[in-house]
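Residue numbers (the working numbering), protein chains in the order written: chain C, 1 to 341; chain Y, 342 to 682; chain V, 683 to 1023; chain G, 1024 to 1364.
Keep in mind that a hint or two might mislead.
[To be verified] In silico lysine to aspartate or glutamate, DMTMM-like type, Cα no more than 20 angstroms apart, as pairs:
| # | chain 1 | residue 1 | chain 2 | residue 2 |
| --- | --- | --- | --- | --- |
| 1 | Y | 369 | C | 289 |
| 2 | C | 170 | C | 106 |
| 3 | C | 28 | Y | 677 |
| 4 | V | 1012 | Y | 630 |
In case anyone wonders, no lab produced these hints; they're calculated from the structure.
From a predicted model like this one, the values you see are computed outputs, not experimental measurements.
Number of protein chains: 4
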Amino acid sequence: MSPNSENLRFGIIGAGRIGKIHAQTICKVVSNASVIAIADPVESAAQETASKFGIPHCSAHFEDVLNNPDVDAVAICSSTNTHAEMITAAAEAGKHIFCEKPIAYDLSVIDSALAAVEKAGVKLQIGFNRRFDPNFHAVREGIAAGQIGAPHLLRITSRDPEPPPPAYVKVSGGMFFDMTIHDFDIARYLMGCNVTRIFAAGAVLVDEEIGQAGDIDTAVVTLFFENGAIGTIDNSRKAIYGYDQRLEVFGSGGMLQSLNNTPHRNVFSGAGGIISAKPLYFFLERYMDSFIAEMDAFVKAVRLDQPTPVSGADGREPVVMAIAATRSLKEKRPVEVSEIR
Amino acid sequence: MSPNSENLRFGIIGAGRIGKIHAQTICKVVSNASVIAIADPVESAAQETASKFGIPHCSAHFEDVLNNPDVDAVAICSSTNTHAEMITAAAEAGKHIFCEKPIAYDLSVIDSALAAVEKAGVKLQIGFNRRFDPNFHAVREGIAAGQIGAPHLLRITSRDPEPPPPAYVKVSGGMFFDMTIHDFDIARYLMGCNVTRIFAAGAVLVDEEIGQAGDIDTAVVTLFFENGAIGTIDNSRKAIYGYDQRLEVFGSGGMLQSLNNTPHRNVFSGAGGIISAKPLYFFLERYMDSFIAEMDAFVKAVRLDQPTPVSGADGREPVVMAIAATRSLKEKRPVEVSEIR
Amino acid sequence: MSPNSENLRFGIIGAGRIGKIHAQTICKVVSNASVIAIADPVESAAQETASKFGIPHCSAHFEDVLNNPDVDAVAICSSTNTHAEMITAAAEAGKHIFCEKPIAYDLSVIDSALAAVEKAGVKLQIGFNRRFDPNFHAVREGIAAGQIGAPHLLRITSRDPEPPPPAYVKVSGGMFFDMTIHDFDIARYLMGCNVTRIFAAGAVLVDEEIGQAGDIDTAVVTLFFENGAIGTIDNSRKAIYGYDQRLEVFGSGGMLQSLNNTPHRNVFSGAGGIISAKPLYFFLERYMDSFIAEMDAFVKAVRLDQPTPVSGADGREPVVMAIAATRSLKEKRPVEVSEIR
Amino acid sequence: MSPNSENLRFGIIGAGRIGKIHAQTICKVVSNASVIAIADPVESAAQETASKFGIPHCSAHFEDVLNNPDVDAVAICSSTNTHAEMITAAAEAGKHIFCEKPIAYDLSVIDSALAAVEKAGVKLQIGFNRRFDPNFHAVREGIAAGQIGAPHLLRITSRDPEPPPPAYVKVSGGMFFDMTIHDFDIARYLMGCNVTRIFAAGAVLVDEEIGQAGDIDTAVVTLFFENGAIGTIDNSRKAIYGYDQRLEVFGSGGMLQSLNNTPHRNVFSGAGGIISAKPLYFFLERYMDSFIAEMDAFVKAVRLDQPTPVSGADGREPVVMAIAATRSLKEKRPVEVSEIR
């Protein structure tokens, strides 16, 4: 499309949970954007979403989206193992690309997809939505503005309310690729630099079946940043009080903390104590604002012909970090990221 | 319309700030509802909103909305002094009615509008949106569920970030009608009963021009409830830290408090102290969820042929309370609400 | 005593709960002070405290304290109905006086005691200890430093964890004299000016026996201050979550709030919510720091021959306010404080 | 002394900062205890404290304390390099021993001191006071009571307000021995088990002079516990907002967090945000309650002939951990604690 045109016309590839979210967001909330086509191998899923949001073209074949000359951009929401292939095909079709994370688990696969994008000269944005969360974004703004001086310590707490089913665990690529990858991205985003070394500790404390599936459910990852700061990420697959998404960055000039969002701001004072609300339970509630904001940013980047805020390289580096963390856990030693990168 | 039909088709009367909000809410978010007509004496305002949200019929005359046989319900968003007239005309046209608060400043005017609604047998809901705020609604749910036992004390703090322009103050009906009226409604809503006696204290401390316009800008109102509890409302036209909307209800079994909503949950710890975010600054941000929820509730009540959650009588009583408070302030004595009711 | 002497030697009159606190505070914590005599009609009580803290002189007769030439100052901790008599006798004996609040319930009795103090030229400090609470003191400092600009609104919440026994209620002088009197004092202290008009609302909601004893157990008092600000005090005899001692002062430049103190700063996040500690349960824990600080201030005032921070007039005015509130409640009207003062 | 005797008579060895605190605490607050002797090579320091608290015996030689037959117990508050020698001498003199932490930096030195204690059959308590902090103690109680189920993750944040002078850094034994040692102890205390493996990350980010002195000023230590849980400690020598002492323990049944203590509970809401108090600035204020409670516990243990709550073995293990952390930092690898223990 040419910059500054009225409306960015999307085709959505994949009508699962995240595909539906992007369809709704683009159709209802995002300005200067519309969805004109949707495809899913399960055609009924595509049809349901198409009918709900008035999307005119619907298909079981993603090629129909790519071949539609009116489609300016695609949102790739298919399963992770197809992301790289879809990126390459969409780039070759000349479509701008918004792709869910991660691009792939294999760096050479990622690299050839990114090369296709580069060659086609289309825009690519990876769906690391948490960068667009109002809390985390404001922390980043504060750090970039020098509010805490030089960063010294970073702490990210990221705990799920419930573990995924063991069947999912087996195909998830492991906790570092499935869950911690968001935290790896946020760590880079907040600190504004890369990590040089990673030490990962992990345990199976939540559910033995997860261990039997070859994964861990509890982890602490130590990050050594290029700027000299040291960070930790702690993850659990199950926090009984809900979805725990906090972080803090400490520096020479102070500390910025981001606390949990809650469904309301009420407090009950009773014989049993002073009780306030648990965190928002599910990632869809917790991060809905960020799904809107990331798409707004993508639309704006395409329309104004500017770089997207989460580039292909930004999509690759957290995969590098997940590979390093996995190796560290296995070999019980700190791993230099340069071994992998 | 007949209950359970697919979609409730709205006509909106008035395309000012609140009319635009309801248009957007109904078009973009509320389920089973659409806007098919909009009217405003300033036709360009109606046209702008019509074009933005794809509303097919647009007019300078509210009669065009009422005469449109496809319109099932109207949202009356015109200036307060026209509310009663519009309610009567809409009722006579057989339209269900959502009307912004207050109905009128004069009880006899209110009563004849409510009589027209009664006679026509249409639904009426008054726009006391704060009942639908997630914080306040959860407090009400807690009280109704017996969480705090018998209520003894109620405290409402309601302070604006900026005073309105003096020109507005002159036509606003006074602070009790313009600002406290929301708190009067919430007080009844939370306690589940009426007030029997009111004592109002007021002062001009924010802006002398408000006093010259015959109004006050600071107030404390004491409420004696039918259930024996005692309440206070405190209001200010200007809180330098933003829109302060807190309340607490204390009873034999504990206390429920509702704190301010903030744009993010970040905290900065620096040499100057531990600093967290100010309240959301403007009523549109603070209460946006409630604008959606009140309209969802209206649509549901009409479609299922159930009573609306904020009846005409619920719209009348806060006006009674505002009249009582005004008299109390003038005569420097507690006023029995039965004097007015 | 002569200013700047090494040590202020106290005699304590009354060895009940508050007498023991002052004995302990002076013996163990307060600098430049000692207790050399103690008297109580129940001699065993005096003996117990004397032995615990190594107080050399012990008696059943307060005259023995006053006649002891080594006693520089007395702490009057006897029952309220004897305070005025003790003040007069101590003044005539040339002793500096620290006296528990209130001086008396009757203004003419107060006035003759204050006249005796004036005539004798001794120091007098009344035991309104809450002025010395670190929280409230810091609020006062902030207001005095202009942190909130001109004060507009004051809210004091003061709720006890348990009602007193009905037998005590009958001799307590009523809730306004027994409980609210502290809040009347803090209101004056914070605002730095007097109250001109009072409107009191009261109810019996906690315990019918309190009503049968002629008192109330729940109250909301509206205060009109000389500086134009409006305040409210709310009281309850029973807060199930403990001793609730909060206040806020709102002004043109912001708001200062004082929250409850708690036994620890731990938070539990569980399936039932996020639970933090209840307020410190009992006034002795909550206000222990203030008992030390008020005595430090008294000792310093005597040693340096400076005015005490809570004068006889400061002891009289809250009684005036309690009389006004009692009349307001009875006559269901706002009462001008000048009617009483 | 024989158990249950009236009063435990202390001799204090060392009249520096911590010696003065213990003198004051025992003389003024702790029940059933007194100080009858004090010694310091700087005799004037001993004399000053003796005179302030009325301690009858004062000397430049610690032997005078040990040779005093009326001394039941000693509090060893001399410099760290003398602790082991003093413990041995005191044990041989048959005195019960309260000794400041750490016992020594060298395990063989510690072991011979502990052997002397064992042989003499006297009580020994090490001054890991933070176990007695009301916040941390309540967290431990909660964990022990099963409030959070099985512990999975521990996070300790421990940051000083100001770095020590470089001269001190050189003789401090390094950050892990001087600062983190408290956190090592609290980690064991909270989890109720030992650590099996340690990985330490460190940096010089606060002050280059600290690096030049061979030490670090910023650290993150990962702990692997015997119970399978994983913990982290983060330390900084300089937090601009004050003394940051927080921790959290997360388990299958929930999370317990301990937040910072503050000098007051006031909040200011102004144009610049909502500002609350910084943490208590200095360890003496922050941990004063714990200095009292640890001494109360020691006195009780001796009088009732019970085990002390912080044994010699509890004093040794944090030194083991500090050695392991130091080795891990130097060798850039996780270190098995069994290598050292």
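Hints, verified against the model:
For a cut-off of 20 angstroms, the pair hint linking residue 369 of chain Y to residue 289 of chain C stands: about 16 angstroms separates their Cα positions. A C-alpha spacing of about 17 angstroms is found between residue 170 of chain C and residue 106 of chain C, which places the hinted pair at or below 20 angstroms, so the restraint holds. For the suggested pair residue 28 of chain C and residue 677 of chain Y, the alpha carbons sit about 50 angstroms apart, so the restraint of at most 20 angstroms is broken. Between residue 1012 of chain V and residue 630 of chain Y the alpha-carbon distance is near 45 angstroms, which puts this suggested pair outside the 20 angstroms criterion.
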